[in-house]
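Below are the chains, spelled out letter by letter.
Number of protein chains: 2
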Amino acid sequence: GKSVDETLAQADAILHRYGYQSSSTLRNRINQEKVFFQDIHLSHVSKYIAMNRLRPVDTAIIEACDITPDGKVYLTTAIGISPILLEKASKIIIELNSFHSPRLREIIDVVVLHGTNSWPKGLDTPMSRVGKPYAQVDPSKVIGVVKNNEPDEVAEFSDSDETCVKIAQNVEKFLLDEMIKGSIPKTFLPIQSGVGNIGNAVMKQLGESKEIPPFYMYTEVLQDSLIPIMHCGKLLGASTCALTVTTKSLNEVYSNMDYFAKRIVLRPQEVSNNIIASSQLGVISINTALEADIYGNVNSTHVTGTKLMNGIGGSADFSRGAYISIFICPSTAKGGKISSIVPMCPHIDSSEHSVQIIITEKGIADLRGKAPSEKAQLLINNCAHPMYKEYLFNYIKSSKPGHIRHNLDKCFELHSNLLNFGTMLPE
Amino acid sequence: GKSVDETLAQADAILHRYGYQSSSTLRNRINQEKVFFQDIHLSHVSKYIAMNRLRPVDTAIIEACDITPDGKVYLTTAIGISPILLEKASKIIIELNSFHSPRLREIIDVVVLHGTNSWPKGLDTPMSRVGKPYAQVDPSKVIGVVKNNEPDEVAEFSDSDETCVKIAQNVEKFLLDEMIKGSIPKTFLPIQSGVGNIGNAVMKQLGESKEIPPFYMYTEVLQDSLIPIMHCGKLLGASTCALTVTTKSLNEVYSNMDYFAKRIVLRPQEVSNNIIASSQLGVISINTALEADIYGNVNSTHVTGTKLMNGIGGSADFSRGAYISIFICPSTAKGGKISSIVPMCPHIDSSEHSVQIIITEKGIADLRGKAPSEKAQLLINNCAHPMYKEYLFNYIKSSKPGHIRHNLDKCFELHSNLLNFGTMLPE
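These protein sequence lines map, in sequence, to chains H and B.
The opening position of the first sequence corresponds to residue 24 in our numbering, with each subsequent residue numbered one higher.
The opening position of the second sequence corresponds to residue 24 in our numbering, with each subsequent residue numbered one higher.
Hints in this document: simulated from the structure, not taken from any laboratory.
Possibly wrong hints are sitting among the right ones.
Note that identical chains are pooled: a pair holds if it fits in a single copy or bridges any two copies.
Said to hold, decoys possible - Derived pair list, reagent style DSS-like, types lysine-lysine, alpha-carbon separation capped at 27 Å:
no.: 1; residue 1: Lys412; residue 2: Lys433
no.: 2; residue 1: Lys433; residue 2: Lys330
no.: 3; residue 1: Lys423; residue 2: Lys57
no.: 4; residue 1: Lys423; residue 2: Lys330
no.: 5; residue 1: Lys423; residue 2: Lys144
no.: 6; residue 1: Lys196; residue 2: Lys233
no.: 7; residue 1: Lys285; residue 2: Lys271
Everything numeric in this text was worked out from a predicted model, so none of it was measured.
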């Protein structure tokens with residue numbers, strides 16, 4: 024949980040860290056260069072642990088509902104990398120949390136992939152079950168069991184603001200258009216949705232849409248807005264590696280396990296985020312961008328290319344092979360001081376090759392099959408905020424012709440302005 | 024072939040183009056903004072044609088050994104996107120080329136993937152055959168058959184220079200170390216190798232190595248140096264989508280079909296380059312970089328971020344899911360006027376998340392599990408040319424601390440120098 028990262032970071036007890044994080048103290052330590060952080064795809068975390076690529080794991084603390092004398096560990100709401108840690112760590116401490124429903128095992132499906140990132144046989148639909156309801160540990164490695172009775176720490180989302188709602192409406196509009204054109208079948212396709220406020224708003228919109236048919240999800244994390252959508256029957260089922268929901272929503276699930284147990288599968292991270300999943304299952308991926316450049320490259324992680332926010336997470340696990348890959352963001356941030364559409368991204372998490380659709384509250388840019396010059400026109404005309412359009416068009420004019428027009432003396436002028444004056448377009 | 028692109032480009036007969044190209048005239052037209060070129064992964068070309076994502080294909084010209092009245096098309100040395108074009112194009116012209124051995128069908132394995140990029144069932148090893156020896160066409164679409172008797176146009180590689188040989192030796196050294204550490208099994212793993220002079224030199228080195236065991240390849244294109252390696256038994260077998268070899272080498276294959284037919288499989292591009300392949304088969308990918316930045320991002324395609332060379336090709340199809348992903352390049356180009364290790368890449372084809380190992384003639388940087396600050400030290404110390412080391416270290420010092428140190432006012436100074444003075448470090 025977040026408080027573990029917070030407490031350990033405050034105590035300066037973290038030296039190396041891999042993959043997504045969302046603790047403000049840990050983020051500061053990383054940006055102060057006090058913690059060695061490698062931002063890797065979430066699918067790669069367990070893969071690399073399995074391959075002995077990261078530093079050896081000494082002690083792992085694993086939350087569980089139950090552990091048997093022969094080493095069956097019944098996990099709780101987050102499977103994540105627990106199964107591979109149980110195999111690879113030298114010592115294990117089990118946090119036995121009685122808050123969770125013992126019926127969680129009905130929705131857990133554990134397959135551990137070793138070394139390569141290959142795809143479990145039989146995983147042909149989002150809801151396919153191909154593994155076991157528990158993870159296995161060598162009982163002799165368990166050096167302690169700590170009892171606990173505490174819910175997960177998940178903050179409620181703030182109400183969607185107008186911008187979020189418009190982005191969500193644009194996503195709905197785009198998907199309906201694709202259905203009408205026949206590019207998405209009437210039975211729809213599985214959706215992956217990134218974490219955060221905007222992703223939450225998009226899923227709420229799709230869940231309440233009268234025209235989007237009932238659908239499945241194959242995603243990384245199940246957020247709050249999905250529980251009512253599932254309870255009312257619109258979300259037919261979801262595969263995920265964690266339930267990241269508030270205590271209220273979790274209690275709703277636990278009180279209705281007969282209903283939810285048939286509709287949720289919790290998998291290890293290397294299966295939920297496997298690079299093969301999007302391709303194999305035909306996933307529509309929807310992820311949040313920090314900024315996108317006029318040629319469709321996306322920065323998801325580093326403000327001005329230097330300061331880490333949270334990390335790439337699973338965004339590029341899903342977008343790379345997705346049937347349709349969508350990135351969403353507001354056209355501006357900080358009350359207009361920051362444009363999310365920029366001449367060049369100073370850090371790239373998903374290159375133009377993985378970015379098919381970009382959607383802001385202003386509109387939709389469908390970049391599929393488009394040359395760079397066409398992409399730039401679409402992104403500026405449809406997605407950029409009006410106050411930045413002239414600047415962006417002038418940037419292109421100031422650049423020499425080429426397959427991709429750039430002016431290396433001016434490509435980061437907006438970012439430099441932000442660093443120097445606190446706004447991208449000072450008076 | 025290359026001359027088709029050349030002739031059509033010279034006649035200004037190309038308006039839209041997708042994916043890799045290597046014609047100098049077409050390259051110029053693209054960089055003059057006269058041709059709309061979208062640089063997409065080679066795996067995506069057939070995928071997007073299958074999904075009707077690109078512009079409709081009016082007429083396709085397909086080279087074949089034979090066509091039967093019921094529409095079985097026996098292709099020649101390049102399968103590429105021919106099978107999906109035969110399905111999707113409105114009209115087909117068959118170029119019946121009697122130069123090629125009719126026994127080519129023994130090495131051809133056609134499976135057409137529709138819409139999604141999923142993996143053919145049963146393709147569990149590089150040599151698995153899962154399809155048919157021909158592609159299928161609706162015979163009523165064939166509007167003409169043109170007879171021909173000409174070999175492919177493939178230029179001989181120049182002899183490897185000292186730099187190429189040193190890069191190749193470093194690749195061999197790295198792979199042997201991985202074997203000793205147990206990260207690569209003694210039976211080895213399938214290799215993918217990018218096209219070009221350096222890739223050719225690397226494969227020659229591995230093929231002649233006494234310590235590297237016999238191995239398989241799962242790759243995009245089979246180049247000249249692989250034929251003798253296969254003929255002597257070191258290369259046990261190869262899956263590819265094209266034989267891009269000189270007439271001399273091709274004649275060697277055709278004269279020994281009893282031997283080679285068991286050792287080569289020619290597949291459609293969406294299978295050879297499938298994003299799933301590297302993961303599923305545990306491929307070691309070896310691709311050439313144009314430049315890499317000190318944090319391990321790779322530019323494979325665009326000089327100073329603007330001028331297209333050839334295109335991303337299959338490099339990122341293989342590197343993204345590879346068991347080990349290696350990028351190779353000389354530490355400098357143009358007699359030292361260009362450093363291949365730069366502060367920031369002005370275009371990124373493979374982001375740091377897909378780049379595990381970078382090798383130049385100077386040495387090896389193993390970036391696995393490393394934070395950005397550690398990556399920079401490794402790349403400058405081990406891979407950069409001595410004449411650029413001081414500049415690169417000073418760049419880091421001139422940058423403010425952060426998870427990734429960058430100085431947005433100076434990050435493209437080397438590239439701007441190159442544009443203005445013809446050299447990255449003028450006197």
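Which numbered hints are broken by the structure, listed smallest first? 5
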